[in-house]
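For this one, chain A is given, so just place chain B on it according to the hints.
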Amino acid sequence: MDPFATEFWDYANQREFRMQQCDECQKLRWPAAAVCDHCLSPDYSWVPISGKGHVLSWIVFHRQYFPEYPALHTAVAVELDEGPIFVCCMPKEFEETELADAMPMELVWEESHDRHGDYVIPLFKPVGM
Amino acid sequence: MAGVVELDRLKRLKDTVAVIGVGETDYREDYRAGARGNATEKGSGTLNSYQLAAKALKRALDDAGIDKSAIDGLVVGGPMSTERTCEVLGINASWCVSGDAPRGIIAAVQAINAGLCHTVALVYGNAQRSMDTAYGGPRVTDAGILSYVYYAPWGMTSQGGLYSMMFRRHQLQYGTTEEQLGAVAVAFRKHASMNPNAVMYGKPITIEDYMESRYISAPFHLFDYCLINDGGVAFIIQRADMAKDGKNLPINVSGIGWSELDVDSTQLRPRLKDFYKPAHHAVREQLYPMADVTQKDVDVYATYDSFSTHLLFSLEGFGFCGDGEGGAFIQDGRIEIGGEIPCNTSGGMLSESYMQSWNHQPELIRQLRHSYEGTERQVQGAQVGQYVHDVAGKCLSVIYTRGDR
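Top to bottom, those sequences are chains A and B. Every position in the first sequence, counted from 1, becomes a number in our numbering once 3 is added. Every position in the second sequence, counted from 1, becomes a number in our numbering once 136 is added.
What the hints contain is simulated information worked out from the structure, not anything from laboratory work. As the structure is a computational prediction, the values presented were derived from the model and not from experiment. Just so you know, not all the hints are guaranteed correct.
[To be verified] Each computed DSSO-like pair below joins lysine-lysine, with the alpha-carbon atoms no more than 30 angstroms apart: (1) B/Lys409 x A/Lys128; (2) B/Lys413 x A/Lys30; (3) A/Lys30 x B/Lys409; (4) B/Lys380 x B/Lys178.
So that you can see chain A by itself, here it is in the shape it has in the complex (with noise of 0.2 angstroms):
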């Protein structure tokens, strides 16, 4: 993994949802990378994202590809309140939640584990429910 993601997975094992925003022109930026893609400033912070969206898409993928994720399984394109698309998938228990355009979404945290350890997972889940 590249050492820009790194950070950001190491924010998200404390349960904390951060991007990075560019310290010269501001810019927030999502996936992590090295330098602001509107001024190539190499410095940025990394600041709370408020976990809050909307749907704009999503897919079931009728077939099993990753041994974690069995089929049913639904892959959602979040807009973020703040401007930037998140790609997640939703808790095990709203695999099956009927989704519709706009729904508001909120970030859950979930705890997992892999062959390469334990880590903390930001998904998103239908608000209210």
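Then chain B, alone, in the frame of chain A:
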């Protein structure tokens, strides 16, 4: 900045090079080499990319009626290295690059006009079925496109998943239905049924078959996905003044265009917000004026079709119909041979062969040569052909026209 080009300079390149020869391997025969005519097993390792490319090149040279010694430039596509390709083919080129078919064509136009070479072989071989190449799942590699791997922690590395997500967005925004999208798979399969070299020759499907087929990544059904098969493609591009005296009617490269949407590509913004259309718009401002044609003049159209939706989005983006009208536009045989705008007339990558932009080129050349005259496969009187390439927002396009003898 994307879309800003010097049209007067571009126009000078119109019709300066022509395609003089095409060749392909035996897609169907190689695919159905399993027991009882079934598909060969993935990972069987029976074929090799260089062997497939060499076979296609030999056929392209024979078609052009030229000797290998006439080749002084080379474009190498697929998983092959340029050095090993030149070594295997026995060619010391004076100019050589790697790339997909449209990048290769545009590069060849530039190199020939720069005087670096005059006769370029563009070759591709890909034993992806024999090698069991992964385009999704845990084994996938990014191939330079980060969104193909970035969402693995959330269980999504599927390229089909990314395009399916784009189609869902189109559904939400415009009300497009799965049944409407099914017209693409049905039309391409119909075209494959006219093409004895197509992997899916003799296997037509109906819209009912499409709707009943299993989902892979809903809303995408099985038939929205391209094939995985082995094959090779080659074609020869030559300086137009030399091509006039050749064996075949030369098919001119009359228009080229290129525009990319890479900013915010990993977070899928250009996919889900714009369907990559700003890139389509920039390209159409380049190549239609360059070729001195409009959408109405295009007789035969081919699009990169790793997934069915490439056609839907590009027909809207290139102005064959309005935004959001694609679902209705592709109905009633309009995209089939005999229709208003025949698309992917060989069966494309969905139903002929997954040659990653390469198999579309020989098909357009043969349609414009009228090679299928007297059969149902010929697009009657075809004069202008367009190839549209839009892979993850890297949009390139080529206009071909019939040349002079």
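Consistency of the hints with the structure:
Restraint check for B/Lys409 and A/Lys128: satisfied, since their Cα atoms lie roughly 22 angstroms apart, inside the 30 angstroms limit. Using a Cα cut-off of 30 angstroms, the hinted pair B/Lys413 and A/Lys30 holds, with the two alpha carbons roughly 25 angstroms apart. For a cut-off of 30 angstroms, the pair hint linking A/Lys30 to B/Lys409 stands: about 19 angstroms separates their Cα positions. Among the hinted pairs, B/Lys380 with B/Lys178 is inconsistent with the structure: their alpha-carbon atoms are about 44 angstroms apart, more than 30 angstroms.
Comparing the model with each numbered hint stated earlier shows that hint 4 is the single one that does not hold.
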